[in-house]
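So you can see what is in the structure, the chains are spelled out below.
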Amino acid sequence: MRELKSVEITTEKRGWLREGFSNLMENRTFLGFLLVAPAEAILLIFLAYPFILGLWLGFTDTLVGRKGEFIGFENYVSLLKDSIFWLTTYNTFLYTIVAVIFKAILGFALAIILNRDFKAKGFVRAIILLPWIIPTALSAIAFWWIYDSTFSAISWSLIKLGLMNHRIDFLGDPTNARISLIVANVWRGIPFFTIGLLAGLQTINPTLYEAAEIDGAGPWKKFRRITLPLVLPLLAVITTFSTIWTFGDFQLVWVITKGGPANATHLYGTLSFQRAIPGGHFGEGAAISNFILPILVLCVLISFKFLRRED
Amino acid sequence: MYESFWRKFIKFYLPLVIFVIFLLFPFYWMFNTSLKPMKELYNLKLNPFYIHQPTLENVKTLLFDTIFVRWMYNTFFVAILSTVISLGTSLLAAYAIQRLKFKTSGPTGLAIFFGYLIPPTILFIPLATIIFKLKLWDSLWSLVLVYPTFLIPFCTWLLMGYFKSIPKEMEECAMIDGASRLKVFWRIVIPLCLPGIFSAGIFAFTLSWNEFLYALAFISTTESKTVPIGLVTELVRGDVYHWGPLMTGALLASVPVALVYSFFVEHYVAGLTGALKE
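Order-wise, the sequence lines are chains A and B. If you count by our numbering, then the first sequence holds residues 1 to 311, one letter each, in order. If you count by our numbering, then the second sequence holds residues 1001 to 1278, one letter each, in order.
No lab work stands behind these hints: they were computed from the structure. Worth double-checking, as some hints may not be accurate.
Computed cross-link-like contacts, SDA-like style, restricted to lysine to any residue with a CA-CA straight-line distance of at most 25 Å [unchecked claim]:
id	chain 1	residue 1	chain 2	residue 2
1	B	Lys1011	A	Tyr209
2	A	Lys221	A	Phe241
3	B	Lys1135	A	Leu161
4	A	Lys121	B	Leu1110
5	B	Lys1133	A	Leu230
6	B	Lys1101	B	Lys1011
7	A	Lys119	B	Phe1012
8	B	Lys1183	A	Glu210
9	A	Lys81	A	Ala48
10	A	Lys222	B	Lys1103
11	B	Lys1060	B	Leu1041
12	B	Lys1133	A	Leu158
13	B	Lys1103	B	Pro1120
14	B	Lys1011	A	Ala48
15	B	Lys1101	A	Lys222
16	B	Lys1135	A	Lys221
17	A	Lys121	A	Asn27
18	B	Lys1103	B	Pro1037
19	B	Lys1045	A	Leu158
20	A	Lys119	A	Ile101
Which bits of chain A does chain B cover? Going by a derived footprint, with three or more residues having C-beta under 8 Å, they are [said to hold, decoys possible]:
id	stretch
21	132-146
22	269-280
Ideal Cβ positions, reconstructed from N, Cα and C, are used throughout, including at glycine.
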């Protein structure tokens, strides 16, 4: 009722409004710029400028506290000859691809499980978000202890159950260390997929499933033909976000393995940190982290495409 | 009937329970370790899942032998200031982009959104040189200035979605009645958006509480560290790991975030899904 009234008033006074509007036009732009200015100023100084500066630093030999000289592609050339850099590239892609796939599958599975009515639904939904909410560095400390080579609870249980006769060296062996980190990353990332996809699943009209059941569709067919196509745009956006975060990950690896054993778990993030902050080579560090850019651009383009389509 | 219970058990309860155990185990492990005395922690004969002699020894060590409290205070200081800065500037920006529809509002909104996608891993080295030039190296103020770079894009995006969802008519009516734009903003827009502002605020607080890379790169004095950095760098000296106090610290440092979260779960879920859908 109230809405109706307001519409009437707007139409009634439209002529008057239009006059005022043209006067306001200037004002509006001015006010717009004025209100955006504080946010924009912070983002220009501390986001846009460092972004460009990072590209530039990659072409210099800057050290901590010393202004660098332009050295062209020297950093990139020496990185391409560096076996540790190639190992890091392999690790970063392996880590991202495997972790994102598992996060997507397990997160989707949990979303489907939770997408039904049961007692304590709200409570369960609340606790499963915890890994995503609690500071990653802190949960990483817990994983570090769980993966301890002597006192690991996992080793203890497996030995007690008679499934194994020796302790697992979780972080001392390259393959084990990679698996351990991926498990920790998947653990942290599942809730994001689950909560995001759950919101998508809840918007699906249940009559679609009823109609499909009447037509004799089984659970797999219902999933394949109804659920998946309807949540696909949302899944794409969530996956894009997760890919960017995983590809640029730092905390988990830094806390649990520091890139070891023998650089077997270094990601672009941890290697560039090691070379730049303790090592002091800002130019080289910037060059390493710039390798994240192509994936970032690709992900941005994909998410842009899907966001556009939703509009 | 019996048959269907088992079917439901296999299809629903069992996987749900496995997921919940997997997702909560590390927290249980923090709790479990933090209450154990040193002797028990390193005794391989005892069942590690059970606490035989619970003790508060680790809490005592953490509170009195380290400057954990100082780290907590530092983290609060940075989280609250950067949240306030980000929330204020984002609110103005989101209103301008969504409501004023000025000439470049579309591209501005998009640019801010893309800002959110740039990972700190790309930015921390150039930012370190900037912080160095500003003479803010090793100061908490560097974090107060830098955290808004990921908080503003997030808050602006969330609030833009919120502005979109509330009808314009009320603001238009007030303006027809002669209220100025600023008055409308203060008296109508802000009260109507309070839940959205709230969601953005608690999200920003949690995000800055959780930040690790910038704090690790810019802060080196023990007294100026934030909680995650302090725990990871100060409680591990050489090869000596103080697992008891370390786990107690991880647990206690999670408490503020967990508390904020448990009170406002619905805002979190709404904020997260809202941000995704927009």
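Now for the hints, and whether the structure bears them out:
no.	hint	in the structure
1	B:Lys1011 / A:Tyr209	holds (18 Å)
2	A:Lys221 / A:Phe241	violated (28 Å)
3	B:Lys1135 / A:Leu161	violated (58 Å)
4	A:Lys121 / B:Leu1110	violated (36 Å)
5	B:Lys1133 / A:Leu230	violated (51 Å)
6	B:Lys1101 / B:Lys1011	violated (50 Å)
7	A:Lys119 / B:Phe1012	holds (13 Å)
8	B:Lys1183 / A:Glu210	violated (51 Å)
9	A:Lys81 / A:Ala48	violated (31 Å)
10	A:Lys222 / B:Lys1103	violated (46 Å)
11	B:Lys1060 / B:Leu1041	holds (17 Å)
12	B:Lys1133 / A:Leu158	violated (54 Å)
13	B:Lys1103 / B:Pro1120	violated (31 Å)
14	B:Lys1011 / A:Ala48	violated (49 Å)
15	B:Lys1101 / A:Lys222	violated (43 Å)
16	B:Lys1135 / A:Lys221	violated (62 Å)
17	A:Lys121 / A:Asn27	violated (50 Å)
18	B:Lys1103 / B:Pro1037	violated (65 Å)
19	B:Lys1045 / A:Leu158	holds (14 Å)
20	A:Lys119 / A:Ile101	violated (30 Å)
21	132-146	holds (count 12)
22	269-280	holds (count 5)
The structure does not agree with the numbered hints 2, 3, 4, 5, 6, 8, 9, 10, 12, 13, 14, 15, 16, 17, 18 and 20 stated previously, though it agrees with the rest.
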